[in-house]
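Asks: Chain by chain, the residues run as shown.
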Amino acid sequence: MRVAIVACALIFAGALARFALARPAIEVRFPRQYENPRERHDLARFVHGSTVRVSSAFWALRHHPGYLLSGHATPTAVEKWVSDPRDREPWAEVELREPHDVDEVAFAFEPPAPRRVRIECFEGARRIEAVETAQARQQIRCPGARRVRATFFTQGQLVRLYRFEARGR
Amino acid sequence: MNRRLWALIAAGAAARLLAWMLRPALHPDEVFQYLEPAWQRLHGYGWPPWEWAAGVRSWILPGYHGAWMVILGWLGIEGGAAAHAFFQLHWAAASLLLIPAAWRAGEKLSGSEEGGFRAAALCALLPTLVWFAPHTLTEVPSAILMTWGYAAAGASAIGILFSSAVCLRIPNAPLALPVLFSWRAIPWALLPLAAFGMIDWITWGRPFHSAIGFLDYNFVQGRAVEHGRSPPFEYFAWIWSRLGPAGAVLFFAPIALRIRFVWRCALPAALLVVLLSTQGHKEERFLLAAWPLFAIAWGAAVAPLRRAAVAAALVAICASNAHGIWRGPVHDYSGRAGLFAAQSWVGEQPDATGLLVEGRFHLSGGFFLLRRNLPLETWAPALARNPIFNYAALPDGMRPEGFSPAWSRRGWTVWKRKR
Chain A
2 MRVAIVACAL
12 IFAGALARFA
22 LARPAIEVRF
32 PRQYENPRER
42 HDLARFVHGS
52 TVRVSSAFWA
62 LRHHPGYLLS
72 GHATPTAVEK
82 WVSDPRDREP
92 WAEVELREPH
102 DVDEVAFAFE
112 PPAPRRVRIE
122 CFEGARRIEA
132 VETAQARQQI
142 RCPGARRVRA
152 TFFTQGQLVR
162 LYRFEARGR
Chain G
59 MNRRLWALIA
69 AGAAARLLAW
79 MLRPALHPDE
89 VFQYLEPAWQ
99 RLHGYGWPPW
109 EWAAGVRSWI
119 LPGYHGAWMV
129 ILGWLGIEGG
139 AAAHAFFQLH
149 WAAASLLLIP
159 AAWRAGEKLS
169 GSEEGGFRAA
179 ALCALLPTLV
189 WFAPHTLTEV
199 PSAILMTWGY
209 AAAGASAIGI
219 LFSSAVCLRI
229 PNAPLALPVL
239 FSWRAIPWAL
249 LPLAAFGMID
259 WITWGRPFHS
269 AIGFLDYNFV
279 QGRAVEHGRS
289 PPFEYFAWIW
299 SRLGPAGAVL
309 FFAPIALRIR
319 FVWRCALPAA
329 LLVVLLSTQG
339 HKEERFLLAA
349 WPLFAIAWGA
359 AVAPLRRAAV
369 AAALVAICAS
379 NAHGIWRGPV
389 HDYSGRAGLF
399 AAQSWVGEQP
409 DATGLLVEGR
419 FHLSGGFFLL
429 RRNLPLETWA
439 PALARNPIFN
449 YAALPDGMRP
459 EGFSPAWSRR
469 GWTVWKRKR
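Residue numbers (this note's numbering), protein chains in the order written: chain A, 2 to 170; chain G, 59 to 477.
To be clear, the hints were calculated from the coordinates, so they are not data collected in a lab. There's no promise every hint is true.
As the list claims (entries may be wrong) - Computed from the model, here is a short list of chain A residues facing chain G with C-beta under 7 Å:
hint	residue
1	Arg33
2	Ala74
3	Thr77
4	Phe123
What the hints assert, rightly or not - Far from chain A by the CB rule (all over 12 Å, computed), these chain G residues:
hint	residue
5	Gly134
6	Trp241
7	Glu435
8	Ile446
9	Glu459
As the list claims (entries may be wrong) - Here are the simulated distance ranges between beta carbons:
hint	chain 1	residue 1	chain 2	residue 2	range
10	A	Val7	G	Glu459	37 to 47 Å
11	A	Glu105	G	Pro408	23 to 33 Å
12	A	Ile6	G	Glu284	23 to 33 Å
13	G	Thr436	A	Glu36	24 to 34 Å
If you're wondering where the values come from, they're calculated on a predicted model, not measured in any experiment. We put the beta carbon where it would ideally sit given N, CA and C, even for glycine.
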């Protein structure tokens, strides 16, 4: 009996430690609804089974990161991702279902937009391309890219982003 | 252990299982104060209500739930209806601890085993206690610890139990008054208090941060009334309506008649009701910890009476109380078990990309019930235009355009977007 109680206590203590030390990533995985078309399109759109990860989110107002990939042209004020106020260097990353040739990345910010955005493309851990821009739409050469990451330089401001598009074939 | 005690525990367990199966109405706090924060901490997503932004909640109960969530995860149960059922049943089972505590306290108060048995019988079967048992609220563990404080004999147990009960639920402090009459218990009472302060220091960055915030918000600024104001005698009206006239007389008359012998339990319970009545914002659950003490006082008061008469009174009290709960209003609670089931069902659909739920968000089951990191928002026609929301959980009768019914239960229908 005593052994069982001690064993249960140890299991619970282990679970409590795991809970206390949890540092989960914020990741939204969408199921694939449509195959990617042959023509140039927004590869990041949720219907193609992409995944979005963000450094933080303003959960209190439910500005969910999943909205970034909705592709919805007329969102309400709710349907945007907003970074957490404590996040000093917010970033968002789209992982495509399979490698694609990305030639353009576009953002739909709610003003004020960040002063600069660093855009990086990856195939696995290998970085294919990195550019810094102040534009909301940026041409880029990323053949065979699987991930596109945007790091926002905001000078302490929140990032308020409606859409994150990665165009290509 | 005493056979009669085991029989009461078995009867209490059956009653609590029945209460759980009847899907008791739910208070928003059950999910958003004590389950959703643990879920968010563990999985990175969830909705924190303002209390968590302001830091007026301790991490003790969500931390406890969080550890259980880890264990459930090891067993393959990740959130949703199954995890919610586990937590409801867990607290219903934990509330069975009231029964031996009431036995001991009743025995102590009346000086007879019969007094203990009768107090325990009422704690096992009183519908108000049974109805509140499967709720993930601080009131339940605080009431259990408080009742054990009255049952305990040693200074260390008294100090630790009363202090823990108050740390979990500060407004129950008037019930811990007996600790002040036991000087040897006070140093022991400081131990849980120190642990509570330490946990706040680690989690919120300041010792007793949540307690200070809670007291400031509710009792200094008096802002609890922003969540509803009730008349001063509302608690008495609720007790009367829940017990019914016959039940109230049978319950309180023996206590009043033998108050000289049972005041040690009856007066702190009455004091809690009176002090809570001075606050504008009232909720029925705030009284929960007073009920076991009244039950103990009742058991001790009727200890000298004939067994058949007491059994008849107990049946009448329980029947009248059950009628009062069944027929009476649910006050601050909402019958949204159907929505919770709907959310849980959507979470199991592999094609789900977003869910709209009807009603204010804090009345939903949150991300804990959905158990998927997908956009989850209150239903609005403007949001229904966004294709990412391919499911909507709405009360029967609502028919959203562009969606077709996919699931229906307990007054709620899940609609799926047509492709």
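Asks: Each hint should be assessed against the structure and marked as holding or not.
Replies: Consistency of the hints with the structure:
no. : hint                            : in the structure
1   : Arg33                           : violated (9 Å)
2   : Ala74                           : violated (10 Å)
3   : Thr77                           : holds (5 Å)
4   : Phe123                          : violated (21 Å)
5   : Gly134                          : holds (15 Å)
6   : Trp241                          : holds (32 Å)
7   : Glu435                          : violated (6 Å)
8   : Ile446                          : violated (4 Å)
9   : Glu459                          : holds (17 Å)
10  : A/Val7 - G/Glu459: 37 to 47 Å   : violated (60 Å)
11  : A/Glu105 - G/Pro408: 23 to 33 Å : holds (31 Å)
12  : A/Ile6 - G/Glu284: 23 to 33 Å   : violated (45 Å)
13  : G/Thr436 - A/Glu36: 24 to 34 Å  : holds (33 Å)
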